[in-house]
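Peer 1: This is what each chain is made of:
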Amino acid sequence: MSGGVDGLVDGMRLAGAALLGIFLMANCSRPHSSGAGGVELSVLMDADVDGDWHAFIREFETLNPGVHINYVEGPSETNAREDLYVTSLLGGQAVYDLIYADVVWVPKFAAAGWLEDVTDRWPAEHWNEFIPGAVEGGTYKGRIYRVPQHIDVGMFFYRRDLLEAAHEAPPETFDDLVRVAQKLQHPDQLWGYVWQGKQYEGLICDFMEVLTGFSGFWINADTNEVGLDRPEAVRALQWMHDTIRQTRISPPGTTAYTEEESRLIFQSGRAIFLRNWPYVWNTSQQVGSPMIGKVGIKPMPAMANGHPSATLGGWGMSIAKNSRHKDEAWKFCEYVSALPQVMRVQAHRGNPPAIKAFYENNNDQAWRDIYRVMETAVVRPRIPQYAQASDILQRYVSATLTERMTPVDAMNAAAKETRLLLGQ
Amino acid sequence: MKTRASDQAFGALLISPAAAFVFCIAIYPILRVLWLSFFTQNLGTSLVPKFVGIDNYIRLANDGHFFATVRTTFFFTFVSVATELVGGLGFALLLNHEFRGRVVARAAMLVPWALPTAVLAWAWSWIFNDQFGVMNDLLRHLGILVRPIAWLGSGSTALFAVIFADVWKTAPFVMIILLAGLQNIPGELYEAAAIDGASVWKRFRFITLPLLLPSIMVALLFRAIQSFGIFDLIFVMTGGGPGGATETLAIYTYNTYLRYLDFGYGSAMIVASFALMLIFTALVYWPLARMRAQFANE
Chain L
0 MSGGVDGLVD
10 GMRLAGAALL
20 GIFLMANCSR
30 PHSSGAGGVE
40 LSVLMDADVD
50 GDWHAFIREF
60 ETLNPGVHIN
70 YVEGPSETNA
80 REDLYVTSLL
90 GGQAVYDLIY
100 ADVVWVPKFA
110 AAGWLEDVTD
120 RWPAEHWNEF
130 IPGAVEGGTY
140 KGRIYRVPQH
150 IDVGMFFYRR
160 DLLEAAHEAP
170 PETFDDLVRV
180 AQKLQHPDQL
190 WGYVWQGKQY
200 EGLICDFMEV
210 LTGFSGFWIN
220 ADTNEVGLDR
230 PEAVRALQWM
240 HDTIRQTRIS
250 PPGTTAYTEE
260 ESRLIFQSGR
270 AIFLRNWPYV
280 WNTSQQVGSP
290 MIGKVGIKPM
300 PAMANGHPSA
310 TLGGWGMSIA
320 KNSRHKDEAW
330 KFCEYVSALP
340 QVMRVQAHRG
350 NPPAIKAFYE
360 NNNDQAWRDI
370 YRVMETAVVR
380 PRIPQYAQAS
390 DILQRYVSAT
400 LTERMTPVDA
410 MNAAAKETRL
420 LLGQ
Chain P
0 MKTRASDQAF
10 GALLISPAAA
20 FVFCIAIYPI
30 LRVLWLSFFT
40 QNLGTSLVPK
50 FVGIDNYIRL
60 ANDGHFFATV
70 RTTFFFTFVS
80 VATELVGGLG
90 FALLLNHEFR
100 GRVVARAAML
110 VPWALPTAVL
120 AWAWSWIFND
130 QFGVMNDLLR
140 HLGILVRPIA
150 WLGSGSTALF
160 AVIFADVWKT
170 APFVMIILLA
180 GLQNIPGELY
190 EAAAIDGASV
200 WKRFRFITLP
210 LLLPSIMVAL
220 LFRAIQSFGI
230 FDLIFVMTGG
240 GPGGATETLA
250 IYTYNTYLRY
260 LDFGYGSAMI
270 VASFALMLIF
280 TALVYWPLAR
290 MRAQFANE
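Protein sequence lines, in the order shown, are assigned to chains L and P.
To convert, note that position 85 of the first sequence is 84 in numbering that gives the first Met the number 0; the numbers rise steadily by one, no gaps.
To convert, note that position 120 of the second sequence is 119 in numbering that gives the first Met the number 0; the numbers rise steadily by one, no gaps.
One thing to keep in mind: the hints can contain errors.
Said to hold, decoys possible - Keeping only pairs whose Cα atoms sit at most 35 Å apart, straight-line, the calculated DSBU-like set for lysine-lysine is:
| no. | chain 1 | residue 1 | chain 2 | residue 2 |
| --- | --- | --- | --- | --- |
| 1 | L | LYS140 | P | LYS49 |
| 2 | L | LYS355 | L | LYS293 |
| 3 | L | LYS330 | L | LYS182 |
| 4 | L | LYS415 | P | LYS49 |
| 5 | L | LYS297 | L | LYS325 |
| 6 | L | LYS293 | L | LYS140 |
| 7 | L | LYS325 | P | LYS49 |
| 8 | L | LYS320 | L | LYS140 |
| 9 | P | LYS49 | L | LYS320 |
| 10 | L | LYS140 | L | LYS355 |
| 11 | L | LYS330 | L | LYS355 |
| 12 | L | LYS297 | L | LYS140 |
FYI, nobody ran anything at the bench for these hints, they're computed from the structure.
Using the sequences and the accompanying hints, generate a full structural model.
Peer 2: Have a look at this one:
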């Protein structure tokens, strides 16, 4: 009997390996240089649902004869694409010449020596045309490794209609937020405040905004000092915990919510306040949404003496260090980060451009509001071990929100593990 | 004698492509990971391997996070495999009887197993949602719950919710193996036992169970090994949260290796999980093998 099982297991292994082999051959044997003097560049991105990227590629190829861009459609999940990039880069060969990079990948990829330093390819004035946070997000140890394309910032959405009816102003402080939420909410039909409390990267984005609002910090960019066990950080975590457990302005399910769960509650009219990303502006104002004309945007509240802040995310184009066609790759970076191109993507997908000019010449009040939020952007720690530091913090913040640990114990443990990670 | 030797050589030649394949995809990676586990290779060393002896294993022995994931993995495997076995056996016995629509029922039972795990994990995470989830709605209508529960939002319920989804998906697999085993048991044995006046329980205990045991062992081994390496379902449903309550060995290893790029330490973790899995499999297999020997003596 067991011989038969072994045989079956081996058979399945072989079949698996054969499939993998076929996949690898199909992907790796593509020629990088095609034909006489032609150059082929490849980039891995998510599915081009609106066709914008294929249009850019056609235009770019017309402007640059002999250069061909191979757009490889990857999974829509950011982590899955990061894994694909990492595995290909570990091999040492530039399977992808261009890397469409999330802001949190840059320190890790740069520290691993996978990205081309592009600082000197543009004069400083040109870099200044972008929103500072977007450039900063592509910077590691003072050098720039990524041309920003889109920028995402955490922002505070509120129900303009409900606040006006109750003669309340949009909250500026955490205390205001709790007071107004408690006054107007009637759970389970209408919740005060919804946000992202699942153990994942989004939780860190929410936590950083509250932390900065309490004048705390996570890891100091200059000194690598860890601030998680300081009283401000403990108070910030306590406040987040209380929204679910004590002031009860957030549903108990918050500890399992990502962006979409919280957005659906808000967009179906069941919450007064929402912390989320700019895409919610598009989805809540599109045809069929019950929230058209009822939504306002502002920066996250803060303590009266703290700073409102917005966690910075966003995408940009990097060049693989091992690419054999860096100059052609750079031309593509320049092309896709220019205003006409980023505006087209904005129109279809809602991703806010990283170029200042878009906002400065905009007549739409919502975009001026979003720009105001961008000025408060904070960048997540730019350390090579970011993924690990984030996982440590996620685990302890989540343990507090689910009442497995007190805020003090959780922050002390998180600080200790983070210092260990940073070799302190 | 001479012919036998050349036969053997010919046989070796014939299996050599397959053997080479197995070496490349099964044995080489294991040896490679074992070798790498004696090095530090991470972002701190700019991904250059540095020999450190058994340092990675010492670090592992002091890593409370690692042991927490080992505990979760053992708990998950034990509870889900035990439940699947009992449930799978029940359904197999049921579907082994003649009734109208049996073919349809058998096919329907297999649907969960045929669905891609990532897809159904996504569906389950919405089923367990506190505001929109079907689970809460159902339990409230049945009068079991007053207020909705955030199943995936609390450490105590998340692990059970994940196990529930896993059992739902893989019990059909156990069922199909056991059903095949049941169909191999000759009907005359039951007829003879019935004539001798054996009760239903006695027929189950002295005919079904001993003859089904080989199939049970196959199902158990398959499921224990798969379950020990559980990744996709948990990755999609909870990502290991909340507060690390559903983080298994495979998730921690994946994070260490692929996201933290800590290859040396990740390799040590893989070697340790491999050893743990062998021990675990032996622990599952041994009592059943003894039981089988005991049945053979009866």
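Peer 1: Straight-line Cα separation of L/LYS355 and L/LYS293 no greater than 35 Å?
Peer 2: holds (27 Å)
Peer 1: Does L/LYS140 pair with P/LYS49 here, judged by a C-alpha cut-off of 35 Å?
Peer 2: holds (24 Å)
Peer 1: Starting from L/LYS293, check that the Cα of L/LYS140 is at most 35 Å away, please.
Peer 2: Distance of about 44 Å is beyond 35 Å: violated.
Peer 1: Compare the distance between the alpha carbons of P/LYS49 and L/LYS320 with 35 Å, and conclude whether the hinted pair is satisfied.
Peer 2: holds (23 Å)
Peer 1: With a cut-off of 35 Å on the C-alpha distance, tell me whether L/LYS325 and P/LYS49 pass.
Peer 2: holds (31 Å)
Peer 1: When you check the alpha-carbon spacing of L/LYS297 and L/LYS325, does it fall within 35 Å?
Peer 2: violated (41 Å)
Peer 1: Hey, L/LYS297 versus L/LYS140, does the alpha-carbon distance stay inside 35 Å?
Peer 2: holds (32 Å)
Peer 1: Holds or violated: L/LYS140 with L/LYS355, Cα cutoff 35 Å?
Peer 2: holds (24 Å)
Peer 1: Below or equal to 35 Å on CA atoms is what counts here, so check L/LYS415 against P/LYS49.
Peer 2: Holds - the C-alpha atoms of P/LYS49 and L/LYS415 are around 26 Å apart, at most 35 Å.
Peer 1: Would you mind confirming whether the straight-line C-alpha gap from L/LYS320 to L/LYS140 stays at or under 35 Å?
Peer 2: At roughly 17 Å apart (the allowed maximum being 35 Å), L/LYS140 and L/LYS320 satisfy the hint.
Peer 1: Checking one constraint from the list: CA of L/LYS330 to CA of L/LYS182, max 35 Å. Satisfied?
Peer 2: violated (55 Å)
Peer 1: Are the Cα positions of L/LYS330 and L/LYS355 separated by 35 Å at most?
Peer 2: Measuring from Cα to Cα gives roughly 21 Å; hence the hint holds.
Going through the hint list in order, the structure does not satisfy hints 3, 5 and 6.
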